[in-house]
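Protein chains: 2
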Amino acid sequence: MRRLQVKSSAGNYDVKVGCGAWGALRKLKGYTSTFVLTEPGLWAQWGTKFAEDTGWSGVRPILVPSGETSKSLTMAGRVAAELLNRGADRRSLLVALGGGVVGDLGGFVASTYMRGIDYVQAPTTVLAQVDSSIGGKTAVNIHAMKNLIGTFSPPRMVLSEPAVLASLPPRAFQSGIYEAVKHAILAGPALFGWLEGKVAGLTPGQTPVLETLVARAAQVKVDVVSRDEREAGLRRVLNLGHTYGHALEEATGYRRFLHGEAVAWGMLMVTRLAELSGVLDSRVGSRIVRLVRAVGPLPALRGLKEEKVLGLLIRDKKAVGGKIHWVLPEGIGKVRVTPDVTDAAVASAFRDVQRGVWND
Amino acid sequence: MRRLQVKSSAGNYDVKVGCGAWGALRKLKGYTSTFVLTEPGLWAQWGTKFAEDTGWSGVRPILVPSGETSKSLTMAGRVAAELLNRGADRRSLLVALGGGVVGDLGGFVASTYMRGIDYVQAPTTVLAQVDSSIGGKTAVNIHAMKNLIGTFSPPRMVLSEPAVLASLPPRAFQSGIYEAVKHAILAGPALFGWLEGKVAGLTPGQTPVLETLVARAAQVKVDVVSRDEREAGLRRVLNLGHTYGHALEEATGYRRFLHGEAVAWGMLMVTRLAELSGVLDSRVGSRIVRLVRAVGPLPALRGLKEEKVLGLLIRDKKAVGGKIHWVLPEGIGKVRVTPDVTDAAVASAFRDVQRGVWND
Numbered sequence: 030m031r032r033l034q035v036k037s038s039a040g041n042y043d044v045k046v047g048c049g050a051w052g053a054l055r056k057l058k059g060y061t062s063t064f065v066l067t068e069p070g071l072w073a074q075w076g077t078k079f080a081e082d083t084g085w086s087g088v089r090p091i092l093v094p095s096g097e098t099s100k101s102l103t104m105a106g107r108v109a110a111e112l113l114n115r116g117a118d119r120r121s122l123l124v125a126l127g128g129g130v131v132g133d134l135g136g137f138v139a140s141t142y143m144r145g146i147d148y149v150q151a152p153t154t155v156l157a158q159v160d161s162s163i164g165g166k167t168a169v170n171i172h173a174m175k176n177l178i179g180t181f182s183p184p185r186m187v188l189s190e191p192a193v194l195a196s197l198p199p200r201a202f203q204s205g206i207y208e209a210v211k212h213a214i215l216a217g218p219a220l221f222g223w224l225e226g227k228v229a230g231l232t233p234g235q236t237p238v239l240e241t242l243v244a245r246a247a248q249v250k251v252d253v254v255s256r257d258e259r260e261a262g263l264r265r266v267l268n269l270g271h272t273y274g275h276a277l278e279e280a281t282g283y284r285r286f287l288h289g290e291a292v293a294w295g296m297l298m299v300t301r302l303a304e305l306s307g308v309l310d311s312r313v314g315s316r317i318v319r320l321v322r323a324v325g326p327l328p329a330l331r332g333l334k335e336e337k338v339l340g341l342l343i344r345d346k347k348a349v350g351g352k353i354h355w356v357l358p359e360g361i362g363k364v365r366v367t368p369d370v371t372d373a374a375v376a377s378a379f380r381d382v383q384r385g386v387w388n389d
Numbered sequence: 030m031r032r033l034q035v036k037s038s039a040g041n042y043d044v045k046v047g048c049g050a051w052g053a054l055r056k057l058k059g060y061t062s063t064f065v066l067t068e069p070g071l072w073a074q075w076g077t078k079f080a081e082d083t084g085w086s087g088v089r090p091i092l093v094p095s096g097e098t099s100k101s102l103t104m105a106g107r108v109a110a111e112l113l114n115r116g117a118d119r120r121s122l123l124v125a126l127g128g129g130v131v132g133d134l135g136g137f138v139a140s141t142y143m144r145g146i147d148y149v150q151a152p153t154t155v156l157a158q159v160d161s162s163i164g165g166k167t168a169v170n171i172h173a174m175k176n177l178i179g180t181f182s183p184p185r186m187v188l189s190e191p192a193v194l195a196s197l198p199p200r201a202f203q204s205g206i207y208e209a210v211k212h213a214i215l216a217g218p219a220l221f222g223w224l225e226g227k228v229a230g231l232t233p234g235q236t237p238v239l240e241t242l243v244a245r246a247a248q249v250k251v252d253v254v255s256r257d258e259r260e261a262g263l264r265r266v267l268n269l270g271h272t273y274g275h276a277l278e279e280a281t282g283y284r285r286f287l288h289g290e291a292v293a294w295g296m297l298m299v300t301r302l303a304e305l306s307g308v309l310d311s312r313v314g315s316r317i318v319r320l321v322r323a324v325g326p327l328p329a330l331r332g333l334k335e336e337k338v339l340g341l342l343i344r345d346k347k348a349v350g351g352k353i354h355w356v357l358p359e360g361i362g363k364v365r366v367t368p369d370v371t372d373a374a375v376a377s378a379f380r381d382v383q384r385g386v387w388n389d
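These protein sequence lines are chains A and B, in that order. Using our numbering, the letters of the first sequence map in sequence onto residues 30 to 389. Using our numbering, the letters of the second sequence map in sequence onto residues 30 to 389.
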């Protein structure tokens with residue numbers, strides 16, 4: 030079991046990564062009642078293990094349909110009403126057992142139910158384990174605008190069980206690995222080089238190597254959010270690949286790409302943008318491209334209108350005063366956050382990656 | 030202009046009470062854009078003054094229908110979408126101009142929009158000026174459950190303009206005065222005695238005396254929330270009269286009583302409960318009853334089923350582990366928070382007040 034610690038103004042908390050991580054819930058005391066929020070398919074597969082590991086026999090979870098549409102204010106209201114009906118009070122605990130959707134929704138409900146109750150993240154996807162479960166960001170979507178409503182509210186702890194990754198479909202699995210690649214670009218040559226040696230042929234069932242991957246990639250997120258809890262500055266680096274990525278997701282109605290896949294395309298584009306802006310050596314750029322490509326195939330970019338994608342960039346939540354803060358890789362382990370790129374370069378980077386005329 | 034200061038972990042903030050208070054918005058700088066959330070009727074009456082006092086000529090407010098039904102997650106989502114459509118970003122400012130509904134809704138949207146933007150409370154009812162605008166509690170309702178979803182998120186400042194009270198209907202005006210009475214019971218003989226001399230014949234147009242009343246009653250709230258921001262303990266005293274009050278509101282579907290009226294009945298019941306529990310001298314109890322009664326007539330309690338009202342008490346949001354923390358007056362300026370009252374006394378207190386067999 031690996032234990033990472035996140036610093037937070039509302040109290041530090043642990044991220045535990047390893048087989049049997051859910052067992053840490055046995056030691057959480059002092060709650061009037063405990064609740065689990067999860068998805069039906071996940072519960073069918075892992076509910077028995079969860080009940081055994083935690084000793085919560087007979088636990089009857091609150092179920093929400095899988096998929097992004099559950100990340101809505103309407104669903105948040107339904108979960109809150111269900112908590113109330115089951116007698117949850119201000120000293121109750123909610124465990125969010127699932128991927129990013131359950132984690133974001135569960136965290137949002139917990140941080141606002143009766144103005145805030147404790148919650149635990151028990152992430153079950155690579156993406157959630159290396160990224161979204163850590164840092165206390167919670168959110169729901171408003172129509173097509175992802176994460177428009179949310180809170181900064183740290184969990185009580187994060188419990189990442191690598192064994193559950195074995196049941197992930199290949200695409201969902203790979204989608205999460207892209208976020209690990211993002212963390213490696215931010216972290217530096219050690220993690221990046223390690224990933225270069227592991228990514229090819231990696232499968233969801235390789236529990237020991239995944240435990241290491243999750244712990245090492247999660248450490249990057251832990252370090253960043255511990256130094257910048259509320260995204261005042263440093264935390265922006267985590268947005269690497271997300272500016273283009275969000276626009277790609279929105280332009281395709283969130284149907285063509287999984288989140289990590291859109292971020293993967295976004296990382297390729299922003300790598301190109303960094304080259305075009307003169308801040309990244311093309312040999313390093315090629316190394317980034319090779320690692321992203323080694324993860325697996327990406328859904329094609331064909332048919333995506335340049336004007337549409339570029340028009341969506343400015344609506345990104347991170348834009349302030351109409352300015353986008355771009356996160357440009359300058360090397361392995363070094364990024365620059367800057368609004369100073371030309372519109373022409375932004376357009377060229379998209380175009381070069383879409384047309385495959387660069388590095389593909 | 031009177032200036033009170035609230036201590037808050039997220040930064041202290043001012044409560045300004047006085048004619049022209051809105052003018053303080055002129056001095057708020059550094060926002061990329063500013064927005065006003067309000068109700069159509071209020072804006073029709075006071076929009077011109079607001080624009081003049083603030084210098085925000087041409088301001089086009091975001092309007093929500095007046096009334097409690099606007100305090101919903103659905104409406105929060107609509108307001109957030111409207112903010113997005115108008116280009117609000119993380120450095121935008123939202124002003125909530127209105128009563129408790131606009132304040133709670135606006136505060137909730139602001140505290141969750143893009144995970145939190147700054148907001149200013151510009152309360153326009155007695156209730157909002159002496160109570161709900163101060164302390165950083167925001168909330169929306171889920172079905173009949175009031176304030177089930179919300180946040181603790183302090184405003185940037187609170188600006189209370191007493192002149193706007195002149196347009197309040199008599200019932201709404203009196204409803205707010207009851208909350209001022211509650212604060213006087215908590216504060217002590219000075220404010221209580223002052224109110225005893227002012228309450229009879231008080232009308233919404235008496236701006237100078239209302240400025241004093243609002244400032245003095247608001248000071249009580251300021252003192253409490255400055256010492257207990259997140260309702261860990263002390264803040265519970267503000268719940269005086271609210272345990273019965275909430276049950277009365279819920280039992281009548283929020284149609285018969287205005288909030289302050291329900292709290293007024295609740296104060297009478299809890300005063301009786303304190304007497305029955307042996308912690309309050311009946312002469313002091315009578316003095317409380319007289320002041321509550323002097324504010325004005327209350328909608329009758331007739332037809333309310335005792336079992337129904339008592340059954341709703343336990344669903345109160347402040348109940349923890351099935352225990353209700355009662356706030357019992359022990360004297361003017363002294364209350365006790367305790368779960369230790371008998372069910373029989375709770376029922377008798379309701380019954381005695383409903384039947385008018387006590388002190389009426």
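Heads up, some of the hints might be wrong.
Which copy is meant is left open, so a pair is good if it fits within one copy or across any two.
Unchecked claim - Listed below are the simulated BS3-like cross-link pairs for lysine-lysine, each with C-alpha atoms no more than 30 angstroms apart in a straight line:
1) Lys-175 with Lys-58
2) Lys-334 with Lys-36
3) Lys-45 with Lys-352
4) Lys-352 with Lys-58
5) Lys-56 with Lys-352
6) Lys-227 with Lys-58
7) Lys-334 with Lys-175
8) Lys-78 with Lys-352
9) Lys-78 with Lys-363
10) Lys-363 with Lys-58
11) Lys-78 with Lys-45
12) Lys-227 with Lys-78
13) Lys-175 with Lys-78
14) Lys-36 with Lys-337
15) Lys-352 with Lys-334
To be clear, the hints were calculated from the coordinates, so they are not data collected in a lab.
Verification of the supplied hints:
1. Lys-175 with Lys-58: between (35 angstroms within a copy, 29 angstroms between copies)
2. Lys-334 with Lys-36: For Lys-334 and Lys-36, neither the intra-copy (42 angstroms) nor the inter-copy (52 angstroms) Cα distance is at most 30 angstroms.
3. Lys-45 with Lys-352: neither (37 angstroms within a copy, 34 angstroms between copies)
4. Lys-352 with Lys-58: between (46 angstroms within a copy, 19 angstroms between copies)
5. Lys-56 with Lys-352: between (46 angstroms within a copy, 24 angstroms between copies)
6. Lys-227 with Lys-58: neither (39 angstroms within a copy, 51 angstroms between copies)
7. Lys-334 with Lys-175: Answer is within; shortest intra-copy Cα gap is 21 angstroms, inter-copy 46 angstroms.
8. Lys-78 with Lys-352: The answer is neither: 48 angstroms in one copy and 34 angstroms across copies each exceed 30 angstroms.
9. Lys-78 with Lys-363: neither (41 angstroms within a copy, 53 angstroms between copies)
10. Lys-363 with Lys-58: Cα proximity of Lys-363 and Lys-58: none, with 42 angstroms in one copy and 34 angstroms across.
11. Lys-78 with Lys-45: Classified as within: same-chain Cα gap 17 angstroms, cross-chain 57 angstroms, threshold 30 angstroms.
12. Lys-227 with Lys-78: within (28 angstroms within a copy, 67 angstroms between copies)
13. Lys-175 with Lys-78: neither (32 angstroms within a copy, 37 angstroms between copies)
14. Lys-36 with Lys-337: neither (40 angstroms within a copy, 47 angstroms between copies)
15. Lys-352 with Lys-334: within (22 angstroms within a copy, 60 angstroms between copies)
When each numbered hint is compared with the structure, violations occur for hints 2, 3, 6, 8, 9, 10, 13 and 14.
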